[in-house]
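*Asks:* Sequence:
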Amino acid sequence: MRSPLLVGLLVAAALPTFAAPATADPDQFPSLSFYSAVDAADYRNYQAYMTSGVQFATPAGYRCRMAFVHKQNGAYLDCWGALPGTEYNHVGLSYLPGVSTDGASFTNVNPSAMDAIPAGPGVTGRPLSAQDYKLLPPHSKLIYTDGPVQTCGVDATMTACELVDGDQRHGFVISSQGSWVF
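Numbered according to mature numbering (1 follows the signal peptide of the UniProt record, and there is no 0), the sequence shown spans residues -19 to -1, 1 to 163.
The set of hints was computed from the structure by calculation and includes no laboratory data.
Just so you know, even glycine gets a beta-carbon here, dropped at the ideal spot from N, CA and C.
Among the clues, some could well be false.
Pair by pair, the computed Cβ-Cβ distance ranges are [unchecked claim]:
1) Asp23 x Gly101: 22 to 28 Å
2) Ser157 x Asp8: 19 to 25 Å
3) Asp6 x Gly106: 36 to 42 Å
4) Gly84 x Ala111: 25 to 31 Å
Turn these sequences into a full structure, and let the hints steer you where they fit.
*Replies:* What follows is the structure in structure tokens.
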């Protein structure tokens, strides 16, 4: 007869474990210089109150959005879904020029809240569907220049996104080899 402690240890050993996502030096960000730039206009389909943006699906199966809020001059960079190497389902950053930011971070969000355009003055809220997220092909990058420059590049298993504004540089890498933020 097996002891309950032994059974519990065997079950715990069989469960997947996640290392805490790392924080890294921005200089470790992969070079996207050889990735082909796509036309941002083809991905510009996110419009909310005082907010415009681009959104896309990645080859690895999650969704991303780069947006700029004109009223507050804030930029937002988000990806969500089953993020490899982490127990979280969202990575992103909020950036306000001239204000200190902690950079990107991993969190858990309600995916249906991310997959919606909120209602606001002159904007009818609505849910978004898979068709609202055009696939960003492997070895391509999307550069969004409304507000601080935001760039995301993808390959089959990795997504690398960064925001650059003068000497400020923040972003994240999502990869089966390890996900990290800066």
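*Asks:* Check the structure against each numbered hint from earlier and tell me which ones fail, lowest number first.
*Replies:* none
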